[in-house]
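K.L.:
Protein sequences appear in the order of chains A and B.
Numbering-wise (the numbering used here), the first sequence opens with residue 7 and increments by one.
Numbering-wise (the numbering used here), the second sequence opens with residue 21 and increments by one.
Quick caveat, the hints were computed from the structure, so don't treat them as lab data.
Any given hint could turn out to be false.
[As the list claims (entries may be wrong)] Below, a sample of chain A positions facing chain B; criterion: calculated Cβ distance under 8 Å:
no. : residue
1   : Glu19
2   : Pro20
3   : Asn46
4   : Asp109
5   : Lys113
[Stated by the list, open to error] The following residues of chain B were derived to be distant from chain A, with all beta-carbon distances above 12 Å:
no. : residue
6   : His103
7   : Trp138
8   : Arg157
9   : Ala216
[Said to hold, decoys possible] Residues from chain A that keep clear of chain B, each with C-beta distances beyond 10 Å, as calculated:
no. : residue
10  : Asp17
11  : Pro69
12  : Asp142
13  : Arg216
These numbers were taken from a predicted model, which means no experiment stands behind them.
Each residue gets a CB set at the ideal place from its N, CA and C atoms; glycine is no exception.
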Amino acid sequence: MTPLRVVIVDDEEPARNRLRELLEECREELPHSIAGEAANGVDGLQIAAASGAEVVLVDIQMPEMSGIEFARHAQILDHPPAVIFVTAHDRYAVEAFEVNAVDYLTKPVRAARLLTALKKAANGARLARGVLESIDPAPRRYLSVAERGRVILVRVSDVIYLRAELKYVTVRTLGGEHLVEESLAQLEQEFGGVFVRIHRNCLVARRLIRGVERGAETEGEVGWSVVLEGLEERLPVSRRQWPQVKSLVS
Amino acid sequence: MQSIRQNDLPDALPDFRNLGVMSRVLLSVNALALLIALARSREIGEFAARVTEIAGSLEPVLLGVVIVLYAGSTLLERLAYVHGLLAVFGIVLAVTAAFFPFQPEIDGSGEWRRELVWSLGYAVLGTGVVAWYFHLRNRAFSPTISEARLQALQARIRPHFLFNSLNAVLSLIRKDPKRAEAALEDLSELFRTAMADNHELIALRDELTLCRQYLNLEQLRLGERLRVQWRLDPTVEEALVPPMLLQPLVENAVYHGIEPGIGPGLIEVHIERRDDRLRLKLTNPYHEEYHHRQGNRMALANIRERLQLHFDVEASLDTRIADGRFEIDIVMPYRTSL
Numbered sequence: 007m008t009p010l011r012v013v014i015v016d017d018e019e020p021a022r023n024r025l026r027e028l029l030e031e032c033r034e035e036l037p038h039s040i041a042g043e044a045a046n047g048v049d050g051l052q053i054a055a056a057s058g059a060e061v062v063l064v065d066i067q068m069p070e071m072s073g074i075e076f077a078r079h080a081q082i083l084d085h086p087p088a089v090i091f092v093t094a095h096d097r098y099a100v101e102a103f104e105v106n107a108v109d110y111l112t113k114p115v116r117a118a119r120l121l122t123a124l125k126k127a128a129n130g131a132r133l134a135r136g137v138l139e140s141i142d143p144a145p146r147r148y149l150s151v152a153e154r155g156r157v158i159l160v161r162v163s164d165v166i167y168l169r170a171e172l173k174y175v176t177v178r179t180l181g182g183e184h185l186v187e188e189s190l191a192q193l194e195q196e197f198g199g200v201f202v203r204i205h206r207n208c209l210v211a212r213r214l215i216r217g218v219e220r221g222a223e224t225e226g227e228v229g230w231s232v233v234l235e236g237l238e239e240r241l242p243v244s245r246r247q248w249p250q251v252k253s254l255v256s
Numbered sequence: 021m022q023s024i025r026q027n028d029l030p031d032a033l034p035d036f037r038n039l040g041v042m043s044r045v046l047l048s049v050n051a052l053a054l055l056i057a058l059a060r061s062r063e064i065g066e067f068a069a070r071v072t073e074i075a076g077s078l079e080p081v082l083l084g085v086v087i088v089l090y091a092g093s094t095l096l097e098r099l100a101y102v103h104g105l106l107a108v109f110g111i112v113l114a115v116t117a118a119f120f121p122f123q124p125e126i127d128g129s130g131e132w133r134r135e136l137v138w139s140l141g142y143a144v145l146g147t148g149v150v151a152w153y154f155h156l157r158n159r160a161f162s163p164t165i166s167e168a169r170l171q172a173l174q175a176r177i178r179p180h181f182l183f184n185s186l187n188a189v190l191s192l193i194r195k196d197p198k199r200a201e202a203a204l205e206d207l208s209e210l211f212r213t214a215m216a217d218n219h220e221l222i223a224l225r226d227e228l229t230l231c232r233q234y235l236n237l238e239q240l241r242l243g244e245r246l247r248v249q250w251r252l253d254p255t256v257e258e259a260l261v262p263p264m265l266l267q268p269l270v271e272n273a274v275y276h277g278i279e280p281g282i283g284p285g286l287i288e289v290h291i292e293r294r295d296d297r298l299r300l301k302l303t304n305p306y307h308e309e310y311h312h313r314q315g316n317r318m319a320l321a322n323i324r325e326r327l328q329l330h331f332d333v334e335a336s337l338d339t340r341i342a343d344g345r346f347e348i349d350i351v352m353p354y355r356t357s358l
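Please model the complete structure; the sequences and the hints are all you need to start from.
P.N.:
Here you go:
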């Protein structure tokens, strides 16, 4: 058996040092190596993806990307690592972990608890689908696409529109396009405050809507299309969504 | 006049330099005068005449009393409650008697002895009513003080801070035992003060020491991310402030302003004296998406309430968001220990 590869993600340096010390103590009983350390979830994801780590120890309260959001993105990796959450005091998260039997450690972390959690992770314990979303239903800050050995993160606030195509959703930003493996309906539910549906297959960023134009004739009817800031392309509005879009532009 | 209930404040004279106290004295005495005028008049027309008559003799006396009390407040403060109360009665009687020769109804008809007795009687009655009012107010407010103190206790000790700090100290023990020792000493000091049952005013110097100990601990775990800029007038350290006035605000600034940011963030603390006012201004980076993190409102409401209990209408706490920063502005009377 190859030694377990572990990644540490915590925004506080002393907390990372402490985990390293404790891992050292567990090494004899459970051989492992430290594949890398990161001070935030964004960097942590790259390290986890590049190293193919089996376990990630992640702090929950971190700036920019919470530990829970980190775990959601980690699930799309080719070999998703087991995620062990670490928290100083987050009553709501802890309650939710208990209910969903998710493994977590409280700070100050004890070596014995860490060892138990690592053993469980080594035996292949993984989170069930949908558990993280139910623990923290707050919208994510990023959408993620896994590529070989790396993760592409797209800030939700940079997205101009989301368009469903077959089994993927195209994410359009000023910088280009990405394909994510998610359903448009779920994205609409999660980011309802940010995007508005203009068509069965399309959500656009509310704040970028600049107006509407008479569009091309389709099936003998003249439709409307939406003008978005920074985008040449015009996106057709379906008849069904027209009343809602109209109320936004007037 | 000691009360059996532990949480009650011992009876004390009100602070005669306080604007709120003064306005209460003036209002209650005038209200009393109106009542007397109403009782002594048999018809509406007579009421107006009575009011003018009473006001003419009352207002100069009242003003005189207020000025003497203001001037003598530091001396009165040192007396025990009963002695202080007797002194106040003495002052009122003396001022009333001193103004008596100038009263309009004195006409040298020999009635003046009776008039003087009546005047002094009214003076004693008015003083008694006002003293009774402040006594009741004291009793009504003392449970609020203990309530506020309890609340403060809850708001102050953020478990998140305690556990994160302990974790940081643990990480130091093997590599840097000296720093770990210093950190634990800071932590103990901080909790000793936070758990103390103290609601007397303290010197700002002590509160600043506490804030620095707290910031040392936060620096330990946040490192470069936490930057603090102090700007203090040299004289402000002597000023008297409620204990735990600044520390919870600095803690809030770290929790809401520094922790949610990846890069370094700056907390600014400016404290200055302007004549008889002390002005504290604290700003930190504002992260909109984190502004709902719990605890902020509670800590602010708690401090606002304690300021009001100590200084009544003479203290204020305002907040605003400007240029991406959250600002807290506190203005309170500048006082030093006697």
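K.L.:
Name the hints, by number, that the structure is in violation of.
P.N.:
The structure conflicts with hints 4, 10 and 11, although it agrees with all the remaining ones.
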